[in-house]
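Please model the complete structure; the sequences and the hints are all you need to start from.
2 protein chains.
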Amino acid sequence: MADEENAYTFATTATRNITLRNLPDGEFKMWRGGSLPEVTLAYESWGELSPSADNAIIIFTGLSPSAHAASSPEDTSPGWWEYMIGPGKAIDTNRFFVVCANSLGGCYGSTGPGSINPVTGENYGAEFPDVTVEDIASSGYYLMRELGVDKLHAAVGSSMGGMSSIAYAMQYPGEIRYLISISAATQALPLTIALRSLQREIIRSDPDWNQGRYTDDSRPLVGMSLARKLGLVSYRAADEWNSKFDRSRIPLEKLSGQRFEHEFEIEKYLEYNAQKFIHSFDPNSYLYLSRSMDWFDIAEHGDSMDDGMSKLQVARALVIGVTTDILFPARQQREIADLMRATDTEVDYVEIDSVNGHDAFLIDDEHFSPVVKKFLDDSVCK
Amino acid sequence: MADEENAYTFATTATRNITLRNLPDGEFKMWRGGSLPEVTLAYESWGELSPSADNAIIIFTGLSPSAHAASSPEDTSPGWWEYMIGPGKAIDTNRFFVVCANSLGGCYGSTGPGSINPVTGENYGAEFPDVTVEDIASSGYYLMRELGVDKLHAAVGSSMGGMSSIAYAMQYPGEIRYLISISAATQALPLTIALRSLQREIIRSDPDWNQGRYTDDSRPLVGMSLARKLGLVSYRAADEWNSKFDRSRIPLEKLSGQRFEHEFEIEKYLEYNAQKFIHSFDPNSYLYLSRSMDWFDIAEHGDSMDDGMSKLQVARALVIGVTTDILFPARQQREIADLMRATDTEVDYVEIDSVNGHDAFLIDDEHFSPVVKKFLDDSVCK
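So the sequences go chain by chain: A and B.
Just so we're aligned, residue 1 is where the first sequence starts under the working numbering, counting upward by one.
Just so we're aligned, residue 1 is where the second sequence starts under the working numbering, counting upward by one.
Don't take each hint at face value.
Chain copies aren't distinguished; within one or between two, either way the pair holds.
[To be verified] Once the Cα atoms are required to be at most 25 Å apart in a straight line, the calculated SDA-like pairs of lysine to any residue come out as:
(1) 254 / 272
(2) 244 / 330
(3) 244 / 326
(4) 268 / 299
(5) 254 / 300
(6) 373 / 88
Since the hints were derived computationally from the structure, they do not count as laboratory data.
In structure tokens, the structure reads:
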């Protein structure tokens with residue numbers, strides 16, 4: 001969800017906007033009720049769609065990234081998954097037509113709570129309907145139709161994006177050939193719900209949140225900063241921070257002497273990263289997308305988790321977990337793999353021993369690239 | 001630090017106050033500078049001091065408990081460590097004279113930021129000097145002198161209290177025969193500092209904190225509630241909550257329909273426990289005691305951690321860790337044991353496989369009592 005270097009790049013020069021057409025009854029119906037009269041998605045793409053339109057890959061993002069997953073000639077700034085996507089890379093844009101959209105409900109160009117409600121002429125704010133992982137998946141489905149793709153070669157997603165990929169496969173059986181789910185979950189568990197609920201409550205407790213009706217001049221920046229820090233703590237792992245920060249202190253001459261001020265480098269690091277984030281991310285988008293993950297539960301797609309997963313009709317799946325992930329623990333990744341296998345899906349499960357916790361997929365090129373590359377190479381050679 | 005049942009009992013009928021006398025230069029000098037002209041400690045005791053004054057045990061508490069560690073004829077309400085302390089229990093009050101004080105800096109009767117500064121006639125608030133684990137240990141040392149005890153049979157502490165026990169032993173070599181350290185640390189590590197720093201920042205960000213100058217009518221209750229929830233999340237372990245809460249929902253008829261309201265039982269549980277806490281705990285005490293743990297580092301008692309630990313002169317130590325503790329991980333408990341052994345201290349190390357995380361010592365009678373009982377029984381029989 002968050003790499004301190006480039007996760008929140010919001011690049012515009014390569015980003016296109018597309019308004020979804022051909023929606024049933026002309027509107028976007030939300031999974032939990034309500035609808036949107038119009039949905040625009042901001043997306044970027046890399047590579048060329050083959051004449052038979054059989055080489056498309058959709059990338060679903062975590063909570064916060066934009067559509068700018070990788071650089072391109074139109075925008076050479078590094079994307080949030082730069083190491084993974086490009087010519088000759090694991091997701092090889094010489095071979096695949098790769099699409100990444102800003103999530104529905106997000107704030108980097110796609111329709112979300114910061115968008116104008118065409119009915120009222122004002123921002124949706126907290127009047128935006130509930131956003132679910134299923135809705136994010138559906139918006140991706142209609143986006144791909146707009147781009148001339150009926151059946152995906154693959155859907156790839158990490159964290160919330162992994163849930164979206166699974167939701168896509170369950171909602172549109174047979175429409176994805178290959179599925180890659182990284183550090184995702186079949187359903188949110190109490191600790192994870194608690195950590196996200198607390199982040200949302202911190203934002204909502206900032207008086208500037210004002211029930212979602214803040215203005216550009218008075219956004220709940222304090223709440224966003226605290227929530228973001230809590231997010232960062234949950235995305236990383238203890239041992240990485242031990243080796244990176246240990247008990248290093250901020251130099252004495254940089255201290256103000258104020259009671260309870262930051263004294264340790266780890267405190268400064270969190271402050272720096274929170275400040276970088278809060279000026280580019282819409283608080284209401286944070287609330288909506290955070291909540292969507294709490295609700296996700298494949299059991300709602302059938303009578304049970306097994307039954308939900310049995311909707312899946314993919315040729316093969318790759319499931320990746322990280323040993324030090326406390327938010328979406330490896331145990332949950334093994335569960336995804338086991339549930340898929342129980343429905344006779346062919347599954348490669350890889351558990352990566354990385355110190356980088358939940359954020360490993362954003363950082364750990366060395367471990368992730370070979371695994372994803374091999375899976376996708378095999379998917380076209382077999 | 002927190003048992004949902006009884007950790008914050010603030011009982012008065014058995015609590016006594018004692019003003020520390022015989023302080024060097026007539027004042028209490030703080031470890032990080034500054035001093036207090038007067039220190040009063042609120043304490044309770046159980047059992048009788050032997051004629052030779054050789055059976056005294058001091059209990060150091062975690063961040064939040066009061067002196068009411070156990071019931072007594074004077075106050076029959078259960079204490080925060082009720083299962084551990086009493087006639088015939090692991091810390092056997094038929095045999096030992098057991099003392100527990102509210103920590104210096106706390107808010108349950110001992111001198112702290114909520115106390116009146118005799119110099120100004122007003123509450124100290126954020127003008128209270130920095131409190132360290134060393135100061136908490138020292139105040140315990142002077143308390144025991146007041147009670148007629150020169151040399152302790154044992155010091156026992158969990159979490160912050162474990163640090164205090166170690167600090168006591170380092171600061172007063174040879175003054176403790178037996179040491180029990182449970183889920184403590186030789187020094188705070190970055191993840192733990194981050195989690196505590198964030199709690200403090202949440203409190204300080206509540207406008208009602210007002211630089212520590214709040215009144216009884218306008219305490220930073222919102223900040224305290226959010227901080228307390230974050231604390232609770234860090235004290236428990238994922239698997240316990242999975243089995244206790246899973247994805248249970250608050251019944252529909254209890255929902256208001258407000259956007260982003262609590263829907264899961266885990267959210268309700270945190271809210272309930274936070275509300276119970278915030279009306280009895282002083283926010284400034286929370287800030288001071290929380291910070292004291294970040295600073296603790298046995299390396300400051302010598303040239304290195306080894307050198308600091310070499311100050312210890314105890315006959316034997318019991319070190320207990322819990323497999324699922326994310327705040328003071330078992331690895332840190334093994335480190336304490338190893339550092340003690342390196343100074344030729346005899347050490348029993350026990351790692352308890354409990355689902356209760358950092359809070360296990362408050363809950364897990366079955367695992368903890370036999371271990372503590374055996375250690376203390378052996379301490380008098382050998």
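(message) When the structure is checked against the list of hints, which entries are broken? Sort them ascending.
(response) none
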